[in-house]
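Visitor: Please put together the full structure from these sequences, using the hints given.
Sequence order for the protein chains is A and B. 761 is the number of the first residue of the first sequence in our numbering; add one for each residue after it. 761 is the number of the first residue of the second sequence in our numbering; add one for each residue after it.
There could be a bad hint or two in this list.
Computed list of chain B residues with no C-beta within reach of chain A, every gap over 10 Å [what the hints assert, rightly or not]:
id : residue
1  : Leu772
2  : Gly780
3  : Asp898
4  : Glu1025
5  : Ser1067
6  : Val1094
Quick list of in silico lysine-lysine cross-link-like pairs, BS3-like style, CA-CA up to 27 Å [to be verified]:
id : chain 1 : residue 1 : chain 2 : residue 2
7  : B       : Lys980    : B       : Lys859
8  : B       : Lys972    : B       : Lys819
9  : B       : Lys904    : A       : Lys904
10 : A       : Lys872    : B       : Lys904
11 : B       : Lys819    : A       : Lys884
12 : B       : Lys872    : B       : Lys972
13 : A       : Lys904    : B       : Lys1062
14 : A       : Lys859    : B       : Lys859
15 : B       : Lys872    : B       : Lys980
16 : B       : Lys801    : A       : Lys1008
17 : A       : Lys819    : B       : Lys980
18 : B       : Lys819    : A       : Lys801
19 : A       : Lys801    : B       : Lys1008
20 : B       : Lys819    : A       : Lys859
21 : A       : Lys972    : A       : Lys1062
22 : B       : Lys1062   : B       : Lys859
23 : A       : Lys801    : A       : Lys972
24 : B       : Lys859    : B       : Lys801
25 : A       : Lys819    : B       : Lys801
26 : A       : Lys819    : B       : Lys859
27 : A       : Lys872    : A       : Lys859
28 : A       : Lys1008   : A       : Lys859
FYI, nobody ran anything at the bench for these hints, they're computed from the structure. Built from N, CA and C at the ideal position, the CB exists for glycine as well.
The lines below spell out each chain.
There are 2 protein chains.
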Amino acid sequence: MKMQLTCPMPKLDFDVITLGHGSGGVLTHQLLDAGVFDLLKNDHLSNQHDGATLNLSGKTAFTTDSFVVNPIFFPGGIIGELAVYGTVNDLAMCGAVPKYLSLSFIIEEGLKMEAFWEILVAIKNACEQAGVQVVTGDTKVVDKGKGDQIFINTTGIGQVLDIANIAVSNIRPGDCIVVSDQLARHGIAIMSVREGLEFESDIESDTKDLSKVVEQAINKFGEDIHVLRDATRGGVATVLKEIADQSKLGIDLNYRDIPVNESVEGACEMLGLDPMYVANEGVFISIVSQEIAAEYVDFLRKDAASSQAAIIGTVTEEHPRQVIMTSAIGGRRVLSMLPGEQLPRIC
Amino acid sequence: MKMQLTCPMPKLDFDVITLGHGSGGVLTHQLLDAGVFDLLKNDHLSNQHDGATLNLSGKTAFTTDSFVVNPIFFPGGIIGELAVYGTVNDLAMCGAVPKYLSLSFIIEEGLKMEAFWEILVAIKNACEQAGVQVVTGDTKVVDKGKGDQIFINTTGIGQVLDIANIAVSNIRPGDCIVVSDQLARHGIAIMSVREGLEFESDIESDTKDLSKVVEQAINKFGEDIHVLRDATRGGVATVLKEIADQSKLGIDLNYRDIPVNESVEGACEMLGLDPMYVANEGVFISIVSQEIAAEYVDFLRKDAASSQAAIIGTVTEEHPRQVIMTSAIGGRRVLSMLPGEQLPRIC
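Guide: As structure tokens, this is what we get:
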């Protein structure tokens, strides 16, 4: 929270957000002028037009996400940075360097201005970290009881790296499955605070920018990286099952190789959750050529964002469309997608 | 509602949307596979990746809007088409031809599948009308009482026309202010149904695609069109005041020249509303060179989307930053921005 000291909240004659702040009139201008435009300033945003005009060329990645996480402040993060990193990471998974974001708020009447300001500061800091600019935005306010503090949509534009060739159709039998970090931290962090659970050690969300390490990895390994996907809602298991379905290939996993922090594993056991299905916000799955897999993991481990990277399995022609996990004692089970709802409003 | 007949709702084993449909797992896939992907299908969407990869070049417009309109079905429209046209029109106001949309839902648990389907069909039809493709999306579900049926974010990408040069800095004293249609219909339509008011005649929202007529106008009048803005939240008065502030020029308006439908005018009088501040969803303001203004209005009037176009005022060096309206009997009053909240959740 030290960042607040360098970014003092603007002096405003209101301390909660009201319906009028979504009117498009005087109060909306007050809210935006009082800080948003100044905090996030760049040439595009300063135009204050309904849209931004960008100079783009070549292959461009485009992705959207609405963030409805509850609570909006959670161990290790806050909805503002989650909203930036979530979309930035989706762009990275397309093999793109994130460039521009749109930012759209749906605020519930009564949100404290102080909370809104903290969210904005988190957005600003996350944008700086990821090297993206917020270039256009929107603010709506809904009546009390018709929203939940704040929902944020971010939609992102990125420049696809020439050398990138990310597509499920590139996967070949023998390819290795790599995860970039320990699993399940985001979901468990959210659940711990939401349910008022206390674990022995503090488990924090893994929300973070993945775009830098992914860009470096693509520049180094090029077409040997066949698929990139972040393992958010539904966890690693759901994403791998999707990939198996799309590629019509099978996936073999080894439980022993899956990196899970001890406290997280303990929490999962206590709650009856399988870490393979718990949401992550800072873990990506790579499917890469077998030849470079070991070197790829070494490369990822040198970056703080992926220091626990590990090969967890391989692609196979056997059992097409099935993801099969071999347990620590050699048993095998089929992993399906997350069947119901494990933990609503995780992101 | 005839459109439903040609787009039968898919047979699903659920008739309301539950939290599980936002899980990212099996139920999310069911919801999307059952209709969304098929209904909105295009090559980009079929990839089912986290983002779309587009080939863009040159000046690109980028804009976002979240739609929280209440009720979601209203006279003359439905949240689905509003969400498409709202963003499409913002792109048009940047001098761009709309190309691609992202589509993000925040659904309140319990929304009827039937309602969701109608919204999707409206989105599909509006996209066809406007010539845009939905290329990436997101679906979140929040618990009952933490949302209000459905909120929709659309974020759009458009190709700025080479000939377009839309900027407040292009405005010159003597320029004419043109509105494209009769004012205040959207706001009054929403208010009538929300408040259960009944007017003599049915007033319908003016939500519509403005991109086609704007594209044609730019191709014909080029740099003589200095500014384009749609007059949504805050109405024509708020937008003109913003422009006066930004340009540091004054604006003179004539009340007599402002096109307002008789029933709308009656409803406004009854409700104590000024049509200059009521939201529109199908009206745009143009500020154009005096030389072409009459021809410009004639041109707009030939298109059904702007058949009631009219010159309502001029830009002046006198009274900088002020918008001054001359009334029918010659009195003059200064128009400020919409001061509070006239009608929450109008779009």
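Visitor: Next step is simple, just say for each hint if it's right about the structure.
Guide: Hints, verified against the model:
no.	hint	verdict
1	Leu772	16 Å, holds
2	Gly780	4 Å, violated
3	Asp898	5 Å, violated
4	Glu1025	21 Å, holds
5	Ser1067	23 Å, holds
6	Val1094	14 Å, holds
7	B:Lys980 x B:Lys859	21 Å, holds
8	B:Lys972 x B:Lys819	19 Å, holds
9	B:Lys904 x A:Lys904	14 Å, holds
10	A:Lys872 x B:Lys904	23 Å, holds
11	B:Lys819 x A:Lys884	26 Å, holds
12	B:Lys872 x B:Lys972	34 Å, violated
13	A:Lys904 x B:Lys1062	45 Å, violated
14	A:Lys859 x B:Lys859	19 Å, holds
15	B:Lys872 x B:Lys980	46 Å, violated
16	B:Lys801 x A:Lys1008	21 Å, holds
17	A:Lys819 x B:Lys980	31 Å, violated
18	B:Lys819 x A:Lys801	21 Å, holds
19	A:Lys801 x B:Lys1008	21 Å, holds
20	B:Lys819 x A:Lys859	15 Å, holds
21	A:Lys972 x A:Lys1062	12 Å, holds
22	B:Lys1062 x B:Lys859	25 Å, holds
23	A:Lys801 x A:Lys972	23 Å, holds
24	B:Lys859 x B:Lys801	15 Å, holds
25	A:Lys819 x B:Lys801	21 Å, holds
26	A:Lys819 x B:Lys859	15 Å, holds
27	A:Lys872 x A:Lys859	30 Å, violated
28	A:Lys1008 x A:Lys859	34 Å, violated
Consistency with the previously given hints fails for numbers 2, 3, 12, 13, 15, 17, 27 and 28, ordered from lowest to highest.
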